Amino acid sequence: MSSATTKPAQDALGSEVNFTANLEDASNFSAVMTTLKSSTTPKRGEVWIVVATEWKIDRPRTFTIVFSKEFKEATAAVITANDEHVDLIYNNYEDPDVPTLQRARSGTITYKVGPDMGFTGSFEAQIDKADGGGSYLCTGQFDTVLSW
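Okay, so the sequence shown: first residue is -19 according to this note's numbering, each after it adds one.
Possibly wrong hints are sitting among the right ones.
[As the list claims (entries may be wrong)] Taking lysine-lysine and the DSSO-like style, the derived pairs with C-alpha atoms no more than 30 Å apart in a straight line are:
1. K17 x K49
2. K52 x K17
3. K109 x K17
4. K23 x K52
5. K109 x K36
6. K36 x K92
7. K92 x K52
Hints in this document: simulated from the structure, not taken from any laboratory.
Here the structure is a predicted model, which is why all the values come from computation and not from measurement.
Work the whole structure out from these sequences, hints included.
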């Protein structure tokens, strides 16, 4: 399947999507699409999964935020990598032979899920570097409408 058939139309959602973050190479992430999924985890039970997607060189890069369905709003919630509070993960598929999965090990996030699928907030987290050699400070902001 070609990337042209898997890449969504960016213009349709552009005005409703605002999810940005800085990356370890000093570039910026800017999502063209944000989606909401439902799942379960061993420690938290029912969770919401927000996936923000950006396309770079016809390959996706994503930020994923996982949080308990019990908390539709949080201020300075703790980000961890052990399925306890809020998880934050950055994935980069630019190089299909060497995709990266970079977890936030610590940090805080403030968020709110609104009645019309609005998702607003910000985060500041220490995220693993792609080469595994330490971490970098990533800050992000979002004010977006989630799609299913």
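Given the hinted pair K109 and K36, is their Cα-Cα distance within 30 Å? Given pair K109, K36 holds - Cα atoms ~18 Å apart, limit 30 Å.
Holds or violated: K52 to K17, with C-alpha atoms at most 30 Å apart: 14 Å, holds
Taking 30 Å as the top limit, are the C-alpha atoms of K109 and K17 close enough? Holds: K109 and K17 sit about 26 Å apart, inside 30 Å.
Restraint status (C-alpha distance of K36 to K92 at most 30 Å): 28 Å, holds
Taken at face value, is the distance from the CA of K52 to the CA of K92 at most 30 Å? 6 Å, holds
If you draw a straight line from the CA of K17 to the CA of K49, is it 30 Å or shorter? 11 Å, holds
Holds or violated: are the alpha carbons of K23 and K52 at most 30 Å from each other? Cα-Cα ~18 Å, so holds.
Checked against the numbered hints listed earlier, the structure breaks none of them; every hint is satisfied.
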